[in-house]
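4 protein chains.
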Amino acid sequence: MASKPLNVGIVGYGFMGRTHANGFRKVSNFFDLEYRPVLRAACGRDEAKLKAYAEKWGWETTETDWRALVKRKDIDVVDICTPNDSHAEIAIAAAREGKMVLCEKPLSMDGAEGEKMVAEIEKAGVANMVWYNYRRAPAVTLAKQIIDSGKLGKIFHYRAKFLQDWTISADLPQGGAGLWRLDAKAAGSGVTGDLLAHCIDTALWLNGSISTVTAMTETFVKQRTHTATGKVEEVGIDDACAFLARFSNGSLATFESTRYARGHKALYTFEINGENASIFWDLHDLHRLQFFDYADESRTRGWKSIHVTDGDHPYMGNWWVPGLQIGYEHTFVHQVADFLKGLETKTPAGPTFRDALETQYVCDAVLSSASTGSWTKVKQLA
Amino acid sequence: MASKPLNVGIVGYGFMGRTHANGFRKVSNFFDLEYRPVLRAACGRDEAKLKAYAEKWGWETTETDWRALVKRKDIDVVDICTPNDSHAEIAIAAAREGKMVLCEKPLSMDGAEGEKMVAEIEKAGVANMVWYNYRRAPAVTLAKQIIDSGKLGKIFHYRAKFLQDWTISADLPQGGAGLWRLDAKAAGSGVTGDLLAHCIDTALWLNGSISTVTAMTETFVKQRTHTATGKVEEVGIDDACAFLARFSNGSLATFESTRYARGHKALYTFEINGENASIFWDLHDLHRLQFFDYADESRTRGWKSIHVTDGDHPYMGNWWVPGLQIGYEHTFVHQVADFLKGLETKTPAGPTFRDALETQYVCDAVLSSASTGSWTKVKQLA
Amino acid sequence: MASKPLNVGIVGYGFMGRTHANGFRKVSNFFDLEYRPVLRAACGRDEAKLKAYAEKWGWETTETDWRALVKRKDIDVVDICTPNDSHAEIAIAAAREGKMVLCEKPLSMDGAEGEKMVAEIEKAGVANMVWYNYRRAPAVTLAKQIIDSGKLGKIFHYRAKFLQDWTISADLPQGGAGLWRLDAKAAGSGVTGDLLAHCIDTALWLNGSISTVTAMTETFVKQRTHTATGKVEEVGIDDACAFLARFSNGSLATFESTRYARGHKALYTFEINGENASIFWDLHDLHRLQFFDYADESRTRGWKSIHVTDGDHPYMGNWWVPGLQIGYEHTFVHQVADFLKGLETKTPAGPTFRDALETQYVCDAVLSSASTGSWTKVKQLA
Amino acid sequence: MASKPLNVGIVGYGFMGRTHANGFRKVSNFFDLEYRPVLRAACGRDEAKLKAYAEKWGWETTETDWRALVKRKDIDVVDICTPNDSHAEIAIAAAREGKMVLCEKPLSMDGAEGEKMVAEIEKAGVANMVWYNYRRAPAVTLAKQIIDSGKLGKIFHYRAKFLQDWTISADLPQGGAGLWRLDAKAAGSGVTGDLLAHCIDTALWLNGSISTVTAMTETFVKQRTHTATGKVEEVGIDDACAFLARFSNGSLATFESTRYARGHKALYTFEINGENASIFWDLHDLHRLQFFDYADESRTRGWKSIHVTDGDHPYMGNWWVPGLQIGYEHTFVHQVADFLKGLETKTPAGPTFRDALETQYVCDAVLSSASTGSWTKVKQLA
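Chains as they are written, first to last, in the working numbering: chain A, 1 to 382; chain B, 1 to 382; chain C, 1 to 382; chain D, 1 to 382.
Hints are supplied without guarantee of correctness; some may be wrong.
[Claimed, not checked] Calculated pairs, SDA-like style, for lysine to any residue (alpha carbon to alpha carbon, straight line, at most 25 Å):
#, chain 1, residue 1, chain 2, residue 2
1, C, K231, C, R299
2, D, K265, B, A295
3, A, K265, C, R299
4, B, K151, D, A170
Calculated from the structure, these hints are not laboratory results.
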């Protein structure tokens with residue numbers, strides 16, 4: 001086998017631990033690349049769960065302390081899938097050990113912390129990437145290609161939302177396995193960092209920087225039992241967040257996210273309206289892209305539902321045949337493929353830590369605006 | 001008012017009596033035409049119902065005997081909205097009196113009867129038309145325009161269905177007000193003449209003649225109480241009918257109709273697949289046309305959902321503004337408008353009685369094939 | 001004919017002049033009501049256009065001065081279809097003459113003017129109504145019925161948008177026939193009063209009062225030739241407007257409108273998310289309502305696409321048969337029917353002038369907030 | 001690792017070689033099973049291609065002669081992914097060696113050959129299965145569960161189609177890599193065995209046996225260059241096939257397949273209409289199921305679009321979280337999982353060779369009817 005092994009050590013074995021492991025395992029079956037990920041070590045605190053996870057996915061070894069993992073000589077890449085409050089510490093330690101670092105989104109608890117991470121990772125000069133996986137849904141990448149081709153002309157509007165409904169019940173606790181996203185101490189924020197961060201990352205990628213925002217947040221269920229203490233405690237996260245924004249290119253935007261939109265499981269949608277064309281995408285049918293092109297003949301003009309499964313669509317030549325859709329997990333496989341290709345070609349795949357910091361700046365401005373009630377300028381990357 | 005009055009006498013005041021009256025009343029508000037229909041006389045056997053109908057719609061006079069109506073000097077056009085078994089008698093009598101004749105579909109009980117009607121009407125030389133209204137849904141007319149433009153290339157496939165679910169209950173009687181469609185004596189056939197006739201008319205218009213068919217029919221509920229006799233009687237109509245066909249142009253077709261498709265109220269759909277493009281239409285969203293054009297750029301190719309509400313779409317310049325849809329009843333208004341325009345320009349609007357006879361021939365072949373189990377040639381127009 | 005004639009005098013013969021005339025003409029064909037509108041007089045300044053309009057629609061007489069019209073003894077109802085800047089003057093004069101008054105939306109140029117109109121109309125004690133027609137799309141009325149039934153439970157979110165794309169071209173002039181909506185002097189505002197007013201009216205009806213808003217507006221094309229002067233002038237209207245809102249019931253909302261959303265002709269949509277159920281509606285398929293009910297069995301739960309064409313759906317028993325859709329113009333017929341029924345039952349049909357004033361207050365707060373950049377309280381009805 | 005290894009030897013490395021390999025590789029990451037497939041040996045004639053395939057997927061060894069493979073002691077399961085004309089020979093040889101046998105669909109070239117395979121496999125008493133993978137799309141399995149629950153009541157209609165458009169060009173050769181499906185000698189038939197076989201398998205599973213059919217076939221492009229000879233030769237396959245059918249339960253059916261339906265890449269759809277409920281599925285959105293339940297409240301009744309991604313949906317508890325869709329390849333993973341579970345529980349997973357023989361009988365009747373033009377009885381399983 002000609003490909004070069006790249007030893008991965010993962011920290012965390014939850015939902016993201018599974019999506020990443022699947023990405024590392026599958027990529028070589030579908031993509032021709034110089035590098036081949038090796039599932040070398042999995043790390044987590046609960047040894048029983050860790051062992052089960054490692055066995056299920058074929059991680060060759062395990063560690064219960066990430067500090068040990070990042071020092072291991074046989075590890076090339078440290079992949080961080082832990083709750084948000086430990087991203088910085090692990091990433092910085094790994095970078096200092098000269099490891100490449102992959103980090104789950106959001107990058108950090110806030111912009112200030114993210115700046116430290118970027119400083120360290122860039123000082124270390126190691127390859128790095130943040131898992132904003134939706135960029136690699138083939139339909140979203142196709143949207144990027146269409147936009148880059150100039151077909152849209154001047155952009156007037158951008159709108160994105162990410163709607164879920166899984167926390168409506170007041171009986172749901174905060175904290176604990178699978179529920180740390182409801183615990184402000186672990187998550188930093190609620191839907192803003194968890195869901196809107198995805199919307200913002202895509203928006204920055206497709207439409208450039210955001211200059212100013214005004215936002216509102218709400219916590220519908222004010223108190224929940226905390227799993228750690230067993231007591232009813234104040235809920236510190238935002239259950240819902242909406243904001244208006246102005247992009248640097250002059251376009252206007254609306255963003256919204258909630259976990260209280262009954263009927264929507266994970267409805268991430270975005271739409272972009274340009275002078276000459278518009279694009280719409282929807283995570284619930286992630287294999288389709290809606291495209292309206294004003295250049296089409298007048299009488300037969302309409303929104304096209306593109307079934308993004310052809311060989312000339314992004315990534316799709318590596319999968320099956322036209323008409324046969326792929327799913328959610330494939331976005332991670334693509335991200336691994338692009339990361340490896342980036343190593344091969346010395347062209348880093350985005351979003352890097354630095355790219356992801358920009359999203360943190362927007363989140364900071366959003367949360368600040370929700371608190372002050374004022375339009376708030378977004379800090380820009382240096 | 002510059003327009004010339006055209007006195008209409010209608011026979012029948014049921015569902016179709018309402019759609020036609022609405023067509024006559026509205027056409028002059030929306031179309032600039034030389035002729036203006038006058039709702040001169042309504043005719044029906046039940047005097048109380050007739051009076052109520054006439055008053056509601058503004059018919060100036062009433063008649064309880066159609067024989068009297070067709071002889072009236074003040075009537076220019078006789079419009080027939082009665083059950084199928086009386087079309088021929090009324091149409092022939094009206095033609096012999098020199099009246100223009102409009103006839104609800106299907107033209108006749110069968111091809112033989114239809115031939116007599118055509119012979120008489122053509123001998124009389126009077127303007128005539130059959131109400132296959134769906135040709136005038138703007139999206140269907142747009143389909144015709146696209147096909148006529150040659151965009152589809154060689155045609156490979158045609159498929160049509162008309163699905164309803166209103167007769168599933170075995171408690172529904174046959175015959176009586178609103179239910180004569182379940183009575184073979186009044187209707188001639190079941191879904192074949194009622195629903196498939198629409199599908200066939202559109203198909204002949206869009207894709208040319210049908211040469212041969214093989215069919216099956218079924219009567220799911222074998223006995224129903226007859227309203228006329230109060231007794232349980234055998235059901236003589238076909239509840240469902242499906243057939244395979246070959247068109248003269250070499251394309252293959254499937255046709256299906258039923259009143260037992262739970263969940264579909266009036267789902268008439270057709271699709272036509274050509275070498276270069278395909279078209280799909282659906283009565284449940286009649287204001288849209290789906291169009292796939294292989295000539296579109298590869299990466300952004302997809303089915304276009306055309307919202308047929310623009311000023312350059314058929315008929316739509318006469319209605320509102322882009323984006324605002326019209327509905328079912330407008331197909332009749334359009335048919336009136338085209339009939340009047342045909343008088344004005346001496347270019348008869350279709351489908352004429354002769355055109356509609358072709359549909360009867362297909363229905364005859366379908367019913368015959370369902371009975372014999374053999375592929376059956378369709379009689380062609382002389 | 002048993003029904004009582006109600007003489008209507010209309011002011012204005014533009015787009016709305018047509019929709020209203022059609023409503024008055026058709027209502028008696030489809031609804032059984034005590035009152036029957038008579039198209040007694042049409043009024044407008046351009047005599048040639050007025051005559052053509054009156055003839056086309058059957059208005060019995062004409063007037064070129066609305067001051068004369070409102071004084072005519074033979075007029076029971078004055079219906080105002082003029083640009084926004086003349087609503088108040090005409091409505092007040094008509095009310096002082098004791099006429100019932102119907103007024104196109106938005107009620108007024110702003111809340112202050114609206115208050116005067118409400119004061120006068122209520123002092124006169126005449127029947128009154130504002131043409132927020134979308135309340136009467138059967139699917140929207142069905143949404144209201146579902147909400148009133150309590151099926152949704154506590155409401156968390158409301159989102160509405162009204163997207164168009166007809167003013168993208170910078171060559172379009174402001175002012176003149178059909179284009180007064182681009183002229184701030186005639187229209188008062190741009191999309192806020194024209195389109196968002198519809199969204200707000202529906203929202204207030206479905207979800208109660210709005211307490212506070214933060215907004216942004218934009219004018220993408222800053223200068224356009226003014227039809228009146230022939231000169232290039234500053235554009236005074238908002239081309240786009242988006243705002244965040246909090247309803248009094250604690251729910252959060254996003255509203256957006258623009259005439260620069262390429263691909264959308266008249267895409268008015270709203271969605272409401274409750275604890276137990278959610279509803280979505282879309283003007284481009286106005287005959288459908290999307291409904292998600294969490295009470296449905298878990299495994300087969302999903303958004304239902306309700307084809308609102310059954311006899312037990314609002315208004316639909318008066319039209320055709322299940323599966324056959326109606327369109328845009330029917331909302332006006334329904335509004336006439338409800339107005340007449342309101343007279344008959346002495347139960348005024350909404351929205352009254354007072355109801356419509358609430359929408360003005362929201363518009364005022366939105367435009368003020370867009371100017372100040374602050375969250376702004378909405379003035380509430382006394 | 002507690003699970004028992006099960007050594008797989010695969011024959012064929014084409015499109016299906018990849019889908020199966022992926023199934024074997026992934027199943028243990030997502031399903032908790034006693035057996036664990038080991039990719040022990042890959043077999044194919046072209047050694048270079050074979051090596052590349054084996055390396056890409058991690059097959060531990062290779063063989064260039066299937067006769068050697070089926071004799072290997074270290075092989076538990078022989079999986080056949082070759083063109084149709086070699087299924088029987090390999091399957092019978094493997095069975096005689098006591099191997100479990102998995103066979104790509106269709107089972108055989110015709111019913112007679114299939115009978116021999118069933119006889120041998122049952123005589124050998126080895127586990128066996130045919131890869132009609134679409135049964136295991138979660139939405140299709142959900143359809144089966146709904147039907148089995150009795151929700152549909154008496155069935156009236158079944159309709160299925162499988163539309164593709166990839167052979168429209170007359171320049172496409174027959175035979176050769178990826179194109180053996182156009183070569184009658186290798187494939188047996190065209191769309192009938194390739195595509196309709198899928199539709200028939202699902203139909204038999206969901207709706208029971210088919211008693212009689214009438215069919216038509218067409219070969220639109222009569223001659224194509226044969227890759228093997230380099231000469232233009234007659235095309236022996238059916239490009240399109242449609243048939244009418246009656247099921248033993250009294251329901252009527254239409255089936256259609258073609259590779260000439262411009263705009264459809266792999267549009268396999270089926271619909272089933274029962275007295276009380278209906279179901280529709282579509283491969284282009286395979287993660288959704290459309291369901292209409294007449295038992296729902298009248299006013300809010302409609303087709304439900306079920307996003308089949310919840311934990312209580314078939315197979316979905318093994319994947320991600322609600323709202324995140326899986327794709328085509330997962331149907332093969334599920335089939336492997338069910339095969340392994342079947343070994344574990346001694347309850348064979350379907351479709352077995354015997355089950356798949358029933359599909360061959362229907363295909364035989366269809367092709368015979370297309371040739372004779374008569375309604376043809378379908379041979380039933382003994």
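Structure-based check of all given hints:
1. C:K231 <-> C:R299: Judged against 25 Å, a Cα distance of about 64 Å means the pair is violated.
2. D:K265 <-> B:A295: holds, 16 Å
3. A:K265 <-> C:R299: holds, 14 Å
4. B:K151 <-> D:A170: holds, 19 Å
Hint violations for this structure: number 1 only, all remaining hints satisfied.
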